[in-house]
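2 protein chains.
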Amino acid sequence: MNRQWLYAQQPQGKIGTDTFEWAESEIPVPDAGEVLVRTRMLSLDPANRAWMMGKTYREALEPGQVMSGFAVGEVVESNAAGFERGDIVEGDWGWQDYAVLSPDRLTKRTGDVSLELLVGPLSVTGLTAYFGLLEVGRPKPGDTVLVSAAAGAVGTMVGQIAKLMGCRVVGTAGGQEKCDWLVSDLGFDAAVDYKASGVRRAIAAACPDGIDIYFDNTGGPVLDAALSLMNLRGRIVCCGNVSQYDVEKPAPGPMAVPGLIVVKRLRMEGFIVMDFYDQRAEAETRLSGWVTDGRIKAVVDVIDGLENAPEALIGLFEGTNWGKRAVRVS
Amino acid sequence: MNRQWLYAQQPQGKIGTDTFEWAESEIPVPDAGEVLVRTRMLSLDPANRAWMMGKTYREALEPGQVMSGFAVGEVVESNAAGFERGDIVEGDWGWQDYAVLSPDRLTKRTGDVSLELLVGPLSVTGLTAYFGLLEVGRPKPGDTVLVSAAAGAVGTMVGQIAKLMGCRVVGTAGGQEKCDWLVSDLGFDAAVDYKASGVRRAIAAACPDGIDIYFDNTGGPVLDAALSLMNLRGRIVCCGNVSQYDVEKPAPGPMAVPGLIVVKRLRMEGFIVMDFYDQRAEAETRLSGWVTDGRIKAVVDVIDGLENAPEALIGLFEGTNWGKRAVRVS
Numbered sequence: 084m085n086r087q088w089l090y091a092q093q094p095q096g097k098i099g100t101d102t103f104e105w106a107e108s109e110i111p112v113p114d115a116g117e118v119l120v121r122t123r124m125l126s127l128d129p130a131n132r133a134w135m136m137g138k139t140y141r142e143a144l145e146p147g148q149v150m151s152g153f154a155v156g157e158v159v160e161s162n163a164a165g166f167e168r169g170d171i172v173e174g175d176w177g178w179q180d181y182a183v184l185s186p187d188r189l190t191k192r193t194g195d196v197s198l199e200l201l202v203g204p205l206s207v208t209g210l211t212a213y214f215g216l217l218e219v220g221r222p223k224p225g226d227t228v229l230v231s232a233a234a235g236a237v238g239t240m241v242g243q244i245a246k247l248m249g250c251r252v253v254g255t256a257g258g259q260e261k262c263d264w265l266v267s268d269l270g271f272d273a274a275v276d277y278k279a280s281g282v283r284r285a286i287a288a289a290c291p292d293g294i295d296i297y298f299d300n301t302g303g304p305v306l307d308a309a310l311s312l313m314n315l316r317g318r319i320v321c322c323g324n325v326s327q328y329d330v331e332k333p334a335p336g337p338m339a340v341p342g343l344i345v346v347k348r349l350r351m352e353g354f355i356v357m358d359f360y361d362q363r364a365e366a367e368t369r370l371s372g373w374v375t376d377g378r379i380k381a382v383v384d385v386i387d388g389l390e391n392a393p394e395a396l397i398g399l400f401e402g403t404n405w406g407k408r409a410v411r412v413s
Numbered sequence: 084m085n086r087q088w089l090y091a092q093q094p095q096g097k098i099g100t101d102t103f104e105w106a107e108s109e110i111p112v113p114d115a116g117e118v119l120v121r122t123r124m125l126s127l128d129p130a131n132r133a134w135m136m137g138k139t140y141r142e143a144l145e146p147g148q149v150m151s152g153f154a155v156g157e158v159v160e161s162n163a164a165g166f167e168r169g170d171i172v173e174g175d176w177g178w179q180d181y182a183v184l185s186p187d188r189l190t191k192r193t194g195d196v197s198l199e200l201l202v203g204p205l206s207v208t209g210l211t212a213y214f215g216l217l218e219v220g221r222p223k224p225g226d227t228v229l230v231s232a233a234a235g236a237v238g239t240m241v242g243q244i245a246k247l248m249g250c251r252v253v254g255t256a257g258g259q260e261k262c263d264w265l266v267s268d269l270g271f272d273a274a275v276d277y278k279a280s281g282v283r284r285a286i287a288a289a290c291p292d293g294i295d296i297y298f299d300n301t302g303g304p305v306l307d308a309a310l311s312l313m314n315l316r317g318r319i320v321c322c323g324n325v326s327q328y329d330v331e332k333p334a335p336g337p338m339a340v341p342g343l344i345v346v347k348r349l350r351m352e353g354f355i356v357m358d359f360y361d362q363r364a365e366a367e368t369r370l371s372g373w374v375t376d377g378r379i380k381a382v383v384d385v386i387d388g389l390e391n392a393p394e395a396l397i398g399l400f401e402g403t404n405w406g407k408r409a410v411r412v413s
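For the protein sequence lines, the chains are A and B, in the order given.
The number in the working numbering is simply the position in the first sequence, starting from 1, with 83 added.
The number in the working numbering is simply the position in the second sequence, starting from 1, with 83 added.
One thing to keep in mind: the hints can contain errors.
If you want the ones that stay clear, here's a sample from chain A, every Cβ over 12 Å from chain B, calculated [to be verified]:
#	residue
1	84
2	95
3	100
4	157
5	170
6	278
7	301
8	343
9	361
10	400
Covered stretches of chain A (chain B as the covering partner; in silico rule of three or more C-beta atoms under 8 Å from a C-beta of chain B) [said to hold, decoys possible]:
#	segment
11	178-190
12	233-239
13	347-359
It is worth saying that the hints were derived from the structure and are not from the lab.
Glycine included, each C-beta is placed from N, C-alpha and C at the ideal position.
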């Protein structure tokens with residue numbers, strides 16, 4: 084059987100278990116030129132939620148289709164040149180045990196890399212942090228880098244890469260426990276609990292020389308605070324807006340835009356990881372080296388069982404994850 | 084006598100004549116190393132209003148001081164090397180007939196250029212348009228460029244430079260008369276009256292291929308509309324926020340920030356003209372050539388008499404100016 088989670092209906096406000104519907108079907112059979120893949124790990128990403136609300140950098144999800152998501156899997160049967168049974172592949176085939184795919188929708192991964200690393204830190208998540216920080220933010224040694232959702236998949240990587248670049252690194256995260264962990268385990272210089280009161284004041288205290296780069300995963304109040312604390316010619320790397328994905332009514336836009344952008348000559352720039360895939364091989368080599376050396380800790384928060392995927396995604400918006408959240412399917 | 088306008092008090096809401104106070108004093112005498120300058124033309128700029136509300140890229144205005152502003156003048160007496168009686172100079176010495184200045188606060192202008200051109204199109208205003216469009220916006224032939232406050236000092240120049248770069252150019256301005264003038268006299272491809280209803284729809288119709296560069300002089304509703312119509316990897320040049328300078332209560336920030344910045348991978352970047360002064364000589368040569376050739380029309384809206392400076396500035400926020408507004412002092 085092919086177990087699947089379908090996207091059942093557009094959520095009003097927060098996603099819930101009724102956003103998804105369980106289904107079982109026959110294992111599909113690959114035609115000539117196609118590959119049958121068995122899912123090993125699913126990547127859970129805040130963007131999964133954004134896809135429900137409309138067209139983004141991809142088409143909106145349509146109720147009734149298999150829930151989309153980036154995955155790592157193993158080739159079970161191949162009728163396509165270049166793929167063999169046992170190959171480890173990645174792609175976006177969604178929340179199901181098996182999928183039949185054409186080769187252009189698959190990327191083959193080689194080398195002795197664990198599935199936990201392939202599902203995020205050495206793939207989409209790590210590359211997002213790497214390109215966003217280095218290519219969009221362009222850090223210089225001594226810069227102060229603030230990153231929001233710092234205990235999340237991208238944030239943990241951004242902070243550690245920024246430290247390697249010689250920056251002072253401050254993160255925001257939900258709760259004192261995560262904040263302490265960022266400093267003690269991941270080497271952040273300081274961390275601020277965005278759920279506590281006085282967030283702007285706390286960020287200001289943690290960034291006594293102002294902020295040169297704000298890596299924005301959240302939008303919302305942390306973006307407002309960051310804008311007011313940016314240094315001249317500071318850069319805001321717009322990676323995500325997770326504070327606004329799982330809400331019924333979005334918050335107002337930042338009052339400091341465009342006023343402070345002019346006055347401080349800020350650059351606020353969006354990107355998605357695919358924009359930089361021409362540099363992917365080099366980036367993976369560097370990231371992989373840093374993880375192997377132990378200079379970067381890859382933090383993956385694995386939940387077992389496809390049946391638990393909805394709860395795992397819901398938890399992402401409640402901040403129950405530490406680092407990259409993934410679901411082990413097989 | 085040295086006639087002066089003092090900055091009297093911070094306006095609550097719109098500026099009025101009570102924002103300023105007339106004063107008369109002795110003509111100052113230059114010490115060794117100083118220059119006495121007589122004002123010929125005053126430049127009136129939306130930024131003058133922003134300076135009243137707090138620190139920007141310069142200190143806030145303090146009640147009691149001579150009202151600040153960029154000016155063009157003539158050296159009357161010089162005790163400084165490099166300056167002679169009769170030299171034409173520019174600098175920020177504010178709303179008065181005479182000022183004593185040290186040479187580092189003066190830029191000498193040479194060449195046979197009229198005061199009307201020196202007060203804007205071939206100086207701060209023209210350079211703002213030039214550097215903002217070319218260095219921040221980076222236009223390519225065929226790009227669609229939208230510019231707000233298009234009938235103003237910077238907007239008229241941005242639109243015409245963009246046409247020279249092979250772009251499709253659309254402007255927003257207040258009233259149908261100005262819109263018609265942008266198209267018939269300045270060569271814009273289309274213009275939209277921002278005071279009419281259905282502004283977003285009108286901009287969309289005027290930009291059938293979307294917007295590649297939005298040169299933002301205004302913030303406010305035109306920025307909101309532009310954000311929603313930007314093409315992938317579009318650039319928003321943040322030059323000013325004039326819709327919010329002369330109001331009691333600023334409008335909310337743009338809802339599309341940071342969401343659409345991520346999704347469309349936009350770059351939103353602020354600048355001020357001084358950031359590019361290392362390239363000033365080349366820029367002035369090019370601008371001057373375009374104006375001399377008649378490829379760019381320099382539009383200067385001159386009001387006679389220092390006594391009329393407050394009304395001239397108030398009018399700027401009512402949109403009574405066509406092109407660059409200046410006051411002829413002597």
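Now the hints, each set against the structure:
1. 84: 37 Å, holds
2. 95: 19 Å, holds
3. 100: 26 Å, holds
4. 157: Its Cβ never comes within 12 Å of chain B, the nearest being 32 Å, so this holds.
5. 170: Its Cβ never comes within 12 Å of chain B, the nearest being 32 Å, so this holds.
6. 278: Since the minimum Cβ distance to chain B is about 20 Å, residue 278(A) lies beyond 12 Å and the statement holds.
7. 301: Its Cβ does come within 12 Å of chain B, the nearest being 9 Å, so this is violated.
8. 343: Nearest chain B Cβ is 8 Å from residue 343(A), so the label is violated.
9. 361: 15 Å, holds
10. 400: 16 Å, holds
11. 178-190: Contact hint for the segment 178-190 of chain A vs chain B: violated, 0 residues under 8 Å.
12. 233-239: It is violated, with 0 qualifying residues against the three required.
13. 347-359: holds (count 10)
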